[in-house]
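Whole structure, please, built from the sequences with the hints as guidance.
Spelled out from the first residue to the last, the chains are:
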Amino acid sequence: MSTTVEEPGAARLGEPSAALADLHVVEFGGFAAGPAIGKHLADHGAEVIRVESRLRLDGFRTNYPPYKDGQPGIERAGMFAITNNDKLGVTLNLKSSAGLELAGRLIERADVVIENFTPGTMERLGLGHEAMSARNSGLITISTCNQGATGPHAHRAGFGTHLTALSGFTHLTGWPDRSPSLLWGPFIDYIAVAYGAVAVLAALEMRARTGHGCHVDLSQYEAGIQLLAPVMVEHFATAAVPTRMGNRHPAAAPHGVFPCAGVERWCAISVHDDAEWARFRAALGEPGWARDECLATAAGRKAAEDDLERRVSEWTRDRDRAEVLEILRAAEVHAAPVNDMRDVFEDLQLVHRGAFRRLDHPVIGPHSVPSPAFILPETPDVIASPAFMLGEHNRYVICDLLGVGDDEFDALEAEGALQ
Amino acid sequence: MAEPGAAEVAPLEGLLALDLTGELGWLLGKILADLGATVLKIDPPGGDPGRDQPPLIHGPAGSVGATWVAFNACKQRLDLDLAVAGDRARLLELAEKADFVLEGEAPGRLDELGIGWAALSQRNHGLVMTSVTPYGQDGPLARVPASDLELMASGGAAWLTGDPDRPPVRVSLPQAAAWACVNAAVGTLIAHHHRRLVGRGQHVDASAQCGVLPMLVHAPTFWEMAGVNPMRAGAFLVGRNVNGATMRNIWPCRDGFVTFAIYGGSAGRLSNRGLVEWMADKGMASESLLAIDWDTFEVATMTPAEIESMEAAIAPFFLTLTKREFLEQTEARRMLGYVVATAEDIAADPQLTARAVWADTYLPELGKAVRLPVGWFRLAGPKATR
Chain F
218 MSTTVEEPGA ARLGEPSAAL ADLHVVEFGG FAAGPAIGKH LADHGAEVIR
268 VESRLRLDGF RTNYPPYKDG QPGIERAGMF AITNNDKLGV TLNLKSSAGL
318 ELAGRLIERA DVVIENFTPG TMERLGLGHE AMSARNSGLI TISTCNQGAT
368 GPHAHRAGFG THLTALSGFT HLTGWPDRSP SLLWGPFIDY IAVAYGAVAV
418 LAALEMRART GHGCHVDLSQ YEAGIQLLAP VMVEHFATAA VPTRMGNRHP
468 AAAPHGVFPC AGVERWCAIS VHDDAEWARF RAALGEPGWA RDECLATAAG
518 RKAAEDDLER RVSEWTRDRD RAEVLEILRA AEVHAAPVND MRDVFEDLQL
568 VHRGAFRRLD HPVIGPHSVP SPAFILPETP DVIASPAFML GEHNRYVICD
618 LLGVGDDEFD ALEAEGALQ
Chain G
72 MAEPGAAEVA PLEGLLALDL TGELGWLLGK ILADLGATVL KIDPPGGDPG
122 RDQPPLIHGP AGSVGATWVA FNACKQRLDL DLAVAGDRAR LLELAEKADF
172 VLEGEAPGRL DELGIGWAAL SQRNHGLVMT SVTPYGQDGP LARVPASDLE
222 LMASGGAAWL TGDPDRPPVR VSLPQAAAWA CVNAAVGTLI AHHHRRLVGR
272 GQHVDASAQC GVLPMLVHAP TFWEMAGVNP MRAGAFLVGR NVNGATMRNI
322 WPCRDGFVTF AIYGGSAGRL SNRGLVEWMA DKGMASESLL AIDWDTFEVA
372 TMTPAEIESM EAAIAPFFLT LTKREFLEQT EARRMLGYVV ATAEDIAADP
422 QLTARAVWAD TYLPELGKAV RLPVGWFRLA GPKATR
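One line per chain: the protein sequences are F and G, in this order.
Just so you know, we're using our numbering here: the first sequence kicks off at 218 and counts up by one.
Just so you know, we're using our numbering here: the second sequence kicks off at 72 and counts up by one.
Errors might be hidden in some of the hints.
[As the list claims (entries may be wrong)] Pair by pair, the computed Cβ-Cβ distance ranges are:
1. Ala-376/G x Gln-288/F: 53 to 63 Å
2. Ala-351/G x Arg-341/F: 26 to 36 Å
3. Arg-405/G x Gly-517/F: 48 to 58 Å
4. Asp-624/F x Ala-351/G: 53 to 63 Å
5. Asp-490/F x Glu-348/G: 53 to 63 Å
6. Thr-455/F x Glu-402/G: 49 to 59 Å
7. Ala-376/G x Glu-563/F: 55 to 65 Å
8. His-372/F x Val-80/G: 21 to 31 Å
9. Thr-455/F x Val-155/G: 36 to 46 Å
10. His-372/F x Thr-367/G: 20 to 30 Å
11. Pro-421/G x Glu-347/F: 24 to 34 Å
12. Gly-157/G x Ala-492/F: 21 to 31 Å
[Stated by the list, open to error] Okay, the calculated bits of chain F under chain G, using three or more residues with CB under 8 Å as the criterion:
13. 447-458
14. 568-581
It is worth saying that the hints were derived from the structure and are not from the lab.
Ideal placement from N, C-alpha and C gives every residue a C-beta, glycine not left out.
Rendered as structure tokens:
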């Protein structure tokens, strides 16, 4: 790691093999909120060392299906596998002084520490930013938690599904005449991890300019609110309280999801202006109902939306989804399949992009991990290694990276420091 | 950044981004501006056509779309007509000094105008250009139009959301563009980091369809590892139970909805116990709930019937509570749960006020100030800056 001020554009390290190959990252915590930030960095070549403990396992290893062959097991969990590829795994008992010392030495050689322990834990262990930056002056640390480290609800624990609701997204999902609908998984976590990765990269830029590290206090709630901004701007300006509206749009109609032939086959169709409406009508073969003068304007279509949706459904219902898409896309009308979880692996565009990458895990076997949502042509991602097994890289990290001798390593193991 | 020890110099201060994006890419420039970059939004004469997208907000000087305000109020603006050679030359000049160019035209469109990646990077080797488009720069769908609805559908998110007896739904507030942009910002800053090392930029290719994929989390893994194609389940949580049981996660209360679920794991057991103790305090805990041994309770292996019976005992209790009571007590009792917040609830949340999340910005297009969320990048602790 470097604490000197870097010259912008200076090719000091020669050509790195990956965009982030010069970065050393240590990760503490579990689930998605911290480790998925580390995945963003590992995917582009950062050395990411995850500190785990056998005494308290990551919840993604222990109570988060699916598991290989439906059998729970700490090396069988899909969620852990898709969050921790291309990292090094080390087990340290942070309740032992030797384990704690090793964690400190890992942080000493790190550029970045990512953590989502219960807030305050790192400080209590003496591994917080203040203590560690005395030993590593350029250190960047990021703590991510539900609502941030200050304020009346600081340190409040919670799961992603609940925080997604607190952040307003759940209220905006579903049908206006019914209960809100749950968003899948810890939706908001994946907003916050992208903001977290941005924050780490921004802090590195700041360090490159000033020579100083910093501590970032990331509130997952506030990251979510960034995306909710349009609704809040409207609310503050007009006192309106926007709510869910199925698939409808404030102006465009038709704008919905329609059934196709088969079981649970759906397509999304939307028409955004009068010219597109004319193309849509032509694509459907100019049916009599569509020639109604009332439908010629956006306001007219919006007013007749119930009828319009029924008519479109009648047209899609008995056609294969592929046929519907072919007809509408040829007419340059907005249309797409509602891809299910099998379809996303087969979608030709996603396959073309390499959206999922196959890795071979020693226990799980061949499986897919997500690749970044962007492509860097000069420095492609380096996704290659499956998630580490518990403690898999103990000897490499402790002996090769920290320079601990083999005998001392064995002694550390015997005294329980590597649990 | 009003916190003690906050940065005197914002991370990207002094860097220039030219922002040619439409609606799909608006948030990307905002994120760079949040970090201190100067973002110059290049609009066609007469302004961004997306500025009038509903819902509109009104002021003495005019009306503008709330989404446009949310993601562009922080940017400087310059009108250029890229159909005119003189204005294209002006753009090329600006790009020579720029650190980032952000754009979202149909792939190939800027090249046709002579202001694509080839032309810009020739003049400025260090440039990082980020394109945010529906499906990315190439591939079979690269030139197919898509709005939020089609992206949420083809990215798989819509499949997972909505009531089982009605079609899949998107989130009513468009999400695909925002998720594409947050991820594109990661890519843009990774390219920037690499530029610092080698002195050369690159063309970052972000796809909004791919930006939706992180919303699926482990749902594709269920298909791949277990042959299960998880489906929309309304207010219920799926995928946490080996017997396929679903768990209610959204419950009606007296003045809206709250979110709570019966969970496993140590935190879950504590949470479940907290609820039953609370119900007992109010004389509303059933015999069957009181009889549960929380130390050995494991939700992942329960049967659907067992879970349904627990939920039937809990639902009437939530109906007696307001959202505020629920929030206060869940915190006090260490339960895992929040409210299903509306814009009104969020505007009134003391946590956001205490952290100075809101700030007023005067907008000339409206002739008045608007209130926006600011300050997600928070520094704390000593020696944050020089």
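Coverage of the region 568-581 of chain F by chain G, judged on three or more residues with CB within 8 Å: Holds: 5 residues of the region 568-581 of chain F have a Cβ under 8 Å from chain G.
Looking only at beta-carbon atoms, does the pair Ala-376/G, Glu-563/F fall within the given range of 55 to 65 Å? 36 Å, violated
For the hint 36 to 46 Å, verify it against the beta carbon of Thr-455/F and that of Val-155/G. 38 Å, holds
Given a hint of 49 to 59 Å, does the C-beta separation of Thr-455/F and Glu-402/G actually sit inside it? 31 Å, violated
Outcome for the supplied range 53 to 63 Å, where the beta carbon pair is Ala-376/G and Gln-288/F: 23 Å, violated
State, for the Cβ atoms of Asp-490/F and Glu-348/G, whether the hinted interval 53 to 63 Å holds or is violated. Hint holds: Cβ distance 58 Å, inside 53 to 63 Å.
Could you check the hint for me, namely that Gly-157/G and Ala-492/F are 21 to 31 Å apart, CB to CB? 30 Å, holds
Tell me if chain G covers the region 447-458 of chain F under the three-residue, 8 Å CB rule, please? holds (count 11)
Could you say whether the range 26 to 36 Å given as a hint is met by the Cβ separation of Ala-351/G and Arg-341/F? 33 Å Cβ-Cβ, so the 26 to 36 Å window holds.
Is 53 to 63 Å a correct range for the gap between the Cβ atoms of Asp-624/F and Ala-351/G? Given about 57 Å between the Cβ atoms, the range holds.
Range first: 20 to 30 Å. Now tell me if the beta carbons of His-372/F and Thr-367/G are that far apart. The hinted range 20 to 30 Å holds for His-372/F and Thr-367/G, with Cβ atoms some 29 Å apart.
Does the Cβ pair Arg-405/G, Gly-517/F satisfy 48 to 58 Å? For Arg-405/G and Gly-517/F the Cβ distance comes to about 55 Å; the hint holds.
In this structure, the hints that do not hold are numbers 1, 6 and 7, in rising order.
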